[in-house]
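K.L.:
As you go down the protein sequences, you meet chains A and B in turn. Each residue of the first sequence is one higher than the last, beginning at 1 in the UniProt record's numbering. Each residue of the second sequence is one higher than the last, beginning at 1 in the UniProt record's numbering.
Identical chains blur together in the list; that is why a pair holds if it fits in one copy or across any two.
Simulated crosslink set (DMTMM-like; lysine to aspartate or glutamate; CA at most 25 Å straight-line):
1. 353 to 262
2. 207 to 174
3. 384 to 262
4. 149 to 166
5. 456 to 220
6. 164 to 136
7. 104 to 258
8. 104 to 324
9. 384 to 258
10. 112 to 324
11. 257 to 375
12. 384 to 326
13. 104 to 375
14. 471 to 238
15. 317 to 110
16. 104 to 326
17. 317 to 109
The set of hints was computed from the structure by calculation and includes no laboratory data.
Given next are the chains, with one letter for each unit.
There are 2 protein chains.
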Amino acid sequence: MADVPKLEQGCASSLELFNSIAAQGERVRALKAGKALKAVVLRVLLCSVCCGIETHCYKKQLPTDAGSLLGNRSESGHSDRKQWLTDEIDSAVQMLLSLKMSYKAAVGEDYKADCPPGNPAPRGDGGPDATEAGEDFVDPWTVQTSSAKGIDYDKLIVRFGSSKIDKELINRIERATGQRPHRFLRRGVFFSHRDMNQVLDAYENKKPFYLYTGRGPSSEAMHLGHLIPFIFTKWLQDVFNVPLVIQMTDDEKYLWKDLTLDQAYGYAVENAKDIIACGFDINKTFIFSDLEYMGASPSFYKNVVKIQKHVTFNQAKGIFGFTDSDCIGKISFPAIQAAPSFSNSFPQIFQDKTDVQCLIPCAIDQDPYFRMTRDVAPRIGYPKPALLHSTFFPALQGAQTKMSASDPNSSIFLTDTAKQIKTKDYSSGAMLTGELKKALIEVLQPLIAEHQARRKEVTDEIVKEFMTPRKLSYDFQ
Amino acid sequence: MADVPKLEQGCASSLELFNSIAAQGERVRALKAGKALKAVVLRVLLCSVCCGIETHCYKKQLPTDAGSLLGNRSESGHSDRKQWLTDEIDSAVQMLLSLKMSYKAAVGEDYKADCPPGNPAPRGDGGPDATEAGEDFVDPWTVQTSSAKGIDYDKLIVRFGSSKIDKELINRIERATGQRPHRFLRRGVFFSHRDMNQVLDAYENKKPFYLYTGRGPSSEAMHLGHLIPFIFTKWLQDVFNVPLVIQMTDDEKYLWKDLTLDQAYGYAVENAKDIIACGFDINKTFIFSDLEYMGASPSFYKNVVKIQKHVTFNQAKGIFGFTDSDCIGKISFPAIQAAPSFSNSFPQIFQDKTDVQCLIPCAIDQDPYFRMTRDVAPRIGYPKPALLHSTFFPALQGAQTKMSASDPNSSIFLTDTAKQIKTKDYSSGAMLTGELKKALIEVLQPLIAEHQARRKEVTDEIVKEFMTPRKLSYDFQ
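Bound-form chain A, shown alone (with noise of 0.2 Å):
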């Protein structure tokens, strides 16, 4: 993403940009090769001719003095070498990956190692984070594998430049709250990061941050899937005790569906129950609409509008695929889905404050949206957001694609009886044996039946005021 604005202006040579992705390529498996003397003194030296651009500044993830760098890095052990290794192909990657950006925003195709520009290949229709024919396709419209196994997460940690979350990181999770780490923690459901270890740090000394995650009200029933990122969201409020902001995009549903603005806001507020069933705290929550919430905050309006002055419809088409024919709707909604990064888009929460370490727990097919945002970020002097990736919850036709509530049968809805989660499960053929089946059930049952009984003691005088712009139990002076 980082190298886009450059080669927006369009005329780099794409035979030069295909070598330079080239020459990365081969850098990031040296890298992986895991020579750590190396990798620092390559960093050093990139330090000096790096592109600039934020993101790449290598500059900015070094000890303020490049030789006490080495200095330390004969004194300390092993595990620190290994985290410089780590964070050098860290920043590799995210080098070759906005280089493939910048490639496809050159070119109009994804970079292929075997085919040189001028050798075209048929274009696919997401940006650059979808991927090569035969790979994992990506991106926050669409979630295909070929692979009975599924995505492959590390491949796309690489891809997408995040960090693991490793048994290291748990821990220090564990110490930091002193509890127990959520289960989707232990059994990898969150697998990515970007910067959590920065919340951490900001954390333990006591600093504030804030939880933002969201949902796109595409249909009024929400599935399985979707309650992944809230459960663990709700998880993370209570264990951290921090504000949480949910964002529900009814204007990008009504941007990219065929729904009236009534519909869109509608799915809106009926979404809102569900995810308040989940038990988040009212005091410590604000859910908005955006349809409702940009005609009712200033401030929010305002940090769209820098957003959007700072990306260019190159830049956008790199990270997102959009194409000329899209409408202008959809190639500036991606800084509406930025701007609640930024804590002074709730002064009812946040007073003035523009320094609020934000926190995204969220699908890892959104991760495109929020590349964007930590790039812009600094341009417009707000720290940039941390991520917490998820994995994808399977369909039940298998693990090729995503649960969608688009589609009835890939999904087990919250609003499903317990008679249709059996008939669904069954359709699902070959996915699991019988006694699998018959486990699943039992589980699923009555999990659906006590999230619909605590969704009926949601009244629509709860909502509103969980909807409502309002000072949270926090004071931000």
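Fit chain B to the known structure of chain A by using the hints.
P.N.:
Below, chain B alone, put in the same frame as chain A:
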């Protein structure tokens, strides 16, 4: 237009860029010749000719101690050095590319080693409303003609597909209002229209309509030319007795100019004082800043999103000449200037009425926005706004262009002293004979002095009331 987002980040002169590219080219050649040391030295040298664009600033990228960098290099072995060189070359080539991109963005042409900047290419970003070489160029940002007689407005009517305001229409306005037509009608200052007869039909059938005009607050001071639509709009408000909304597009100016949000909003408030000084009725007029009203009216944002869903980037490109390098804020902005054409953007005035016809008096360079609006209106179930188009107020230097707030000598500002008016006018050389100049000064000095006196009476409280969303003295059920 397209390069504003980049240039605002720094202040590189085209020549500095040109030199940086030359130096960087040298460096790449040196690297390819394997002279790593020379490359490092060149890199340090480049710091001093660095173009200053944030994303290029080598200073930001150099390790704190370049000496230790070289020291570290000698520590490691030959293969490492080879690897550094490869990386150094990759990054240097990337940098060279990005400098060339920035050069193209700043200068409008590709970098040519043998051709320093100074003969910039003619502006190439006009849509179909822009004219072929030798003809008039008219779009919302540029008005230019080669003819000393000024813009050929009859040709413009043909090209824009509007209708001439003829004697018949002027007579009909006189019959309908029982008032002598305003001198701007009699003298052809307002010379073109769309659907004005439809507005008069409605008026004669006692159906309500409303007026909408606006101002892009690009500077604190307005000039004479800016007053024309407002003087005429005030007359329309008086003779038709209808509600009036005035949009201050401070968000547009933030997106297009090198301004902060606060500056843009500040200009909006200052300009509002000049507009109020034209004598608008506070009970019949609502003035709003986009940055403020977007965050104060869900109905307004909902119309913006509706319009954004129905305009593709291709259409926006065709109408406004946007390029892929334009920021996504510019690309989606036209929907924000379109939205006030629909009465339900102002529920405080029109309740939930969607069918109150809108009449827009404006200078004809704003027509592209409203051609787009009229194209979208029926597709989202709203009536098309009608328009009355004015000519441009010629610059003091001559009729080839219009008065511009950005060029002090082109304009008589409402803040000018009698002495400034005298001096500026004489400076304009052959424009008028001495007698005419004398007469003009005699007209202008008191006119401006009176305006300044009226403006003094416009208190912050009065501005605040004009800019508060509220019911006007009309009842819409």
